[in-house]
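Undergrad: With chain A's structure known, arrange chains B and C on it following the hints.
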Amino acid sequence: MKEFIKKISGVRWVSSLLFLIALFVITGIVNPTFFSYSNIIACFNNSCVFMLLAIGISFTIMTGEIDVSIGAVMGLTAAISGVIAQQNGSWLPMLGWAVLVGAVTGLVNGIGVAVLKVPSLIFTLGTCGVVRGIVYIYTGGRTIENFSGSFTRFGNSTVGNTGIGVFFLMMIVIVAVLAVLLNTRRGKYFLAVGDNIGGAVLVGIPATRVKFFAYILSGIFAGISGIVFASKYGQITIIAGNGYEMSAVAACVLGGISLSGGLGNVIGAAIGGVIMSSISRLLVFLGFSSDYDNTITGVMLIAIVVIDALTQQRAIENARRERLLARAAVSGQ
Amino acid sequence: MHSDGKQKLLVVKGTTKAFGQNRVLKGVDIAVDRGEVLALIGGNGAGKSTLMKIIMGIYQPDGGQIFIDGKEVQMTNPAVALAEGVYMVPQEPMLFPNMNVLENITMGFKESTLSLRNRLVKIMSEIGWKMDLSRKASTLSIAEQTLVEILRGLLRNSKILILDEPTSALTFDEVEAFFKVVRDLKSRGIGIIYITHRLAEVFDIATHVAIMRDGQITLEGPVANFTREMLVQGLLPPDATHEAELKENTTKIDYTHLKPIFELQNLSGYGFQDISLKVYPGEILGIAGVVGAGRTELVSTIFGRDKVLSGKVILDGKDITGKKTRDILEAGIDYVPEDRHLHGLFKISSVAANTTSALLKDSVMGKLLLNKRQENRITDKYISDFRIKTMDREELAGSLSGGNQQKVVISRALSTKPKLVIMDEPTRGIDAAARGDVYSIIHHLREDGVAVLLVSSDMEEIMELCDRTVTVFQGHINGEFSGNEINQDNLTAASFGLVNNE
Amino acid sequence: MKNKMLKIVKSWEFVLLLILVLEFVVFGSINDKFLQPVRIFSNITNYISICIISLFVTMVMITGGIDIQASSIVGLTSITIGVLWNDFGFSIWAAVGAAILLAALCGALSGFFVAYCGVQPMVVTLGGSFLYSGLGLVISRMSAIPAYQGISGFPSKNEDGTFSSFRWLGNAKLFGDLKLPVQIVIYVILIILMYILLHKTKYGRSIFLVGVNPQAAEYSGINTKLVKMSTYMLTGIGAAIAGILLTSQLNSSKYDLGSTYTLSIITAVVLGGTLSTGGKGSIIGTALASLVICMLRFGLTLCFKMSSQNLDLPVGIMLLLVVSGRQLLRIVRHMDA
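Residue numbers (this note's numbering), protein chains in the order written: chain A, 1 to 333; chain B, 334 to 835; chain C, 836 to 1172.
So that you can see chain A by itself, here it is in the shape it has in the complex (with noise of 0.2 Å):
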């Protein structure tokens, strides 16, 4: 028990899920109200664009690279989904266009990344101009709205009455069965690219492949993230998902996973996007105005990586220490 217990607490997501714990309790406390069953499973339900995207970016971030061009393909998608929900069609054609979308920039980012070795923060800088402006072509600079009642009720539907929105739903299985392949050999790759890249070809990872592919998993988990949008708010204008992409590498940071790459999971993902997407229904129980979210959000995100850096970085240093001091006490008489 004592093993287990040591060995959990050291896997970085579930000092997310603490933590994500701990905002409830806190704000439970200072304002009961808040304990409610709706009130907690609607800071789960409200957070799927999020954790779609957050879980979307893990794959790159895990690599050691980013993907900034995930906000533009959701609102591409979105903006899909919504001219075929006008018309009353159905969700297959909107996942077939998310998928393609999502897949195509992600090839493109793939090449520019993993082939032609560009920043990677340059390269999807790019291909996220190019994508909003194919947006504004696509809508004519309309904001889409008017879809079908059928659409946007499915967006906010629950199972029953348990309460748990249907997307929701979709996202514990998706997590869960992502988290299972990821703990595969081969899903391991992505984090072993990331962790050390000349050690990961060295032993016969085809790493360029894998970038490839975490660029091209982003790109469609983006894509999707545009239906669940659209479904969501009904509304969808030439901006929509601007600066999303920064929300999700927030997440990620949120979730435990290493911007350096090699560091993290997918269920840290997942729960970092909920972190991110309830900070400001937590604030209004609070009886904070729902202005300071971007506050708190950047002081949380900077306290995190403060302390991360500043723990990580003194385990190294003392080992090293403790190494040379060791060294020089073996004749130390």
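If you're looking for bench data, these hints aren't it; they were derived computationally from the structure.
No false leads were slipped in.
Some chain A residues judged to face chain C by a derived CB distance under 8 Å, without partners named:
| # | residue |
| --- | --- |
| 1 | G129 |
| 2 | Y136 |
| 3 | G298 |
| 4 | Q313 |
In this text, a Cβ means the ideal position worked out from N, Cα and C, and glycines have one as well.
TA: Using the frame of chain A, we list chains B and C on its own:
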């Protein structure tokens, strides 16, 4: 490829490789058979690492063939080499720091984790290693990391192991344990290519030896056929004669009226303990010892790179213990670091920017605006004084040859006009001509009354240059020698801890 | 001398200059309105925040860092000026001074975490972008005027129709018929100052050395941490200057001004030839690159009637082409060698 009627395990024939104009390999042949340990020795830049990377499929050769068990193989990428049973333990272990030992070893396999784990446990018990498989790689010592790398190779049923300077980061005890492993592997019929800089290891562990110089094998055969002196001769370039002449011109120092310019009093820090020594103006004090004895830790702590635990550092009567690097520079100490690439050189900056980088605080270089004229003057002076081969002072330092890069780093250190210069392995990995130039720079410093602290693993260098020498063994000074006492026997014995004068 | 000429011709700055000239030739021949100074000027002033901030971010990137928070400091500066002036009774210049100070502090704070705590600059400035834009919103709530409206009515026109003090910065035009906006004059002065700072001073040299090899810089006695931190602080000040000009020009103080600039700023710096891994870059390159982007946007709207909202597309394509092309060239060259 038939030798003695049977096929050798690995044969490399006529391998050539050039990077641009630079011909790194000029037709290299080597061969290893089962149960053999081929020690490959040679200076930095001789082409050893390039050759290994070609065998491992990381580089593609321009010409030549590779045979394994008599069959020609095209090593197009590392995966092919792995499949052919070749595994390289790189000089710096390439582990995944955030993964545990088991994941590190099994990464890249197709087999199921369970059967891998079983095989691994079996191998480990066979060779008698104990290691916690759930430890994170970032907590392993360098020696343990090397062992993990070897386990990776063994689990792949590798027939050929390439060990690239595996002992360079190990402590003395770890080296002993490691040799046991290598002997064991040898007895199991594995062919090993063992790259090293240390001649002693050749006689300890190798069955065959090959010396590589300037992209060619200059000498090879069973170890029994050679003596230490023959290997040293084989390593020396044909024109290495002028070095010996220098020593004769130097005068002996009369210590009677001198006051030390620099003094350490019972200095302790991370990696060394209780070090006391004095250096006099115009004196070259050697610090000998093996790599890992704590010499670099000592000098970099003096230079303000790490914490002093106790004791005192005194320069010219002033206590400078525990000061920051920039204050120590100002006080009058400068340092030529051991690792030129990591700590010395600004590769994508010009020679001029490199030379004057330590002078930026000095008013010589202008108050606020950079005094370009001074910069050019200082740079040109060092380029001509030290015979730095460069197109002009604006050429990028990274495009110079190793020896000239080192001269630039030395220029930087001397530009601050220090009272004491610490040189840490100043001639490692540079060619003979540049080495001669560096030696004459050091001699000139001595004549100008500058004190020099020379850290070197090269005994001949110490003998050649130093007025006095201390030896460091496992973080302690265990011997001091001057004049005729500075000889190969004394230094080697003391470096390996074999002294009786305490 | 001949060598020097060759070096200039081969430089990336020269390529950017050619592209700029090409833009003038192409767009100018399609529509001669493109060549009217008044239009060029007004177009540059619309883009001036990005032009200015990218000069500063160039320095950050040369040290091997990145700054994605500068755009949020633009809005923070703007709203600080407005609230201090409107609700706290500061004189307009005192408010401006206080805002610059605040921006410098914000930059220095992030710089401190990057330099002294060793946190990745990307994450710190991401956190900073949330924090400072959030702070802007919080400050805007201190005002009696609702945030979405923005604070306006800054000291405006004198009786003779000229702009007075604060509004003069963002609106006045100089040199009679040339009608050169003050903003552009300020930009040019900033280019010169930054050029001298980065390429001609000892401080600038240490910025480069820190970017090329921070360890070696430490061994050379350079205070690498202070140098790194200072670049973030300067960028904060740069963002404040942009915020002041924008507030003055629009006669409106809002917390979300500039919030969408990040991508354009990074694009300009990278296009200007600054290495994102640090150690290489130039102020002239960045300045030329921002003008190239600026003129491209102008030309496309003027000559091809593209909507000004849709200019991410060509800028994105240009960025992709340039970075991919440069990388391809390097790969090909590597193969040759």
